[in-house]
Amino acid sequence: MQLTRSAARWATAFTAVASLAAGATALAPAALAAPAAGPSPVAASSARSTDVVFSNSTSQQLTRVSSSLPHGCWNNDSLPPDYIAKGITASWGSRSCGMLTGTEGYTTYRVTATGEQIKIHWNNPYTGSNSYNCDVPSGYTCSRSGGGGDNATVSFTLTGGPAAFKAQAASTEVTAQAARSTVVRVINNSGTLLARTGAGLSHGIWTGNNLPPSLINPGAAATWESESEGVMTGTEGYANYTMAGGGTVSIRWDNPFSGSNKYQCNVPAPHRCTTSGGGGDNAFVTFAVN
11 MQLTRSAARW ATAFTAVASL AAGATALAPA ALAAPAAGPS PVAASSARST DVVFSNSTSQ
71 QLTRVSSSLP HGCWNNDSLP PDYIAKGITA SWGSRSCGML TGTEGYTTYR VTATGEQIKI
131 HWNNPYTGSN SYNCDVPSGY TCSRSGGGGD NATVSFTLTG GPAAFKAQAA STEVTAQAAR
191 STVVRVINNS GTLLARTGAG LSHGIWTGNN LPPSLINPGA AATWESESEG VMTGTEGYAN
251 YTMAGGGTVS IRWDNPFSGS NKYQCNVPAP HRCTTSGGGG DNAFVTFAVN
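Position 112 of the sequence shown, counted from 1, bears residue number 122 in the working numbering, the numbering being contiguous throughout.
Be a bit skeptical, because a hint or two may be false.
Unchecked claim - With a straight-line Cα cutoff of 20 Å, these simulated DMTMM-like cross-link-like pairs (lysine to aspartate or glutamate) come out:
hint	residue 1	residue 2
1	Lys129	Asp92
2	Lys96	Asp145
3	Lys129	Asp145
4	Lys272	Asp291
5	Lys272	Glu239
Calculated from the structure, these hints are not laboratory results.
Construct all of the structure, not just a fragment, from the sequences and the given hints.
Pasting the structure below:
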């Protein structure tokens, strides 16, 4: 009787694992591009924070053009996604990262294959009232709810459709050279799609609009950058990607103010990851996932 029960348990476990593997293999790129909805956790130490929940209730896909934080830092594992498919709700967030400070940011999306742009702006200052904007072209409506309090959650819902609209030019940001910075380049020679599952910084800030992308296609390369913030500080961060079909690619970089730069790239067998470059105060490191 004991043997029969044990065999039954093993059969049930094997069936569950097989089902999970099949689901991962069948996952389409479009589904990978859609981030999980809902606000991200906020560090208890943040005096001010804003989680943005954005619902694309149109029939068009949105492609991210740019993102920036005039004040504050991005929440770990909560960056604006590169794509928001039709009917999908996405979320991202930022927080204050200094004494007596707030957080303010914007993200601009383009209606895919058009010049029409949607610009979302949030401002949660240390002193004063929270303010929000959602600028949309003719034919669209962007409604807002929530957004009050020191640790706010604001929701935007985009509806409507395209109309005659003059294309807006995307702005180009120029930033000063930081004491320490790291440009990370990932070359995807794995033969499979990489989908971002998390990214964050334990030291420093993201450099302008240079964020880890949501997807890295087979044969493509992606680049992002982080830099030090403050006096005598460095920058350290990570980015995690899931391979279509299973497996995780974990990338780490550490460019301290004092000491040697360190890098890690972990990939599942039989894949390999090679590292080149990465020296100096303002480093450029390349990871090749093969």
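Here is what the structure says about each hint:
{"no.": "1", "hint": "Lys129 - Asp92", "in the structure": "14 Å, holds"}
{"no.": "2", "hint": "Lys96 - Asp145", "in the structure": "18 Å, holds"}
{"no.": "3", "hint": "Lys129 - Asp145", "in the structure": "5 Å, holds"}
{"no.": "4", "hint": "Lys272 - Asp291", "in the structure": "12 Å, holds"}
{"no.": "5", "hint": "Lys272 - Glu239", "in the structure": "19 Å, holds"}
This entry satisfies every hint, going by the numbered hints stated previously.
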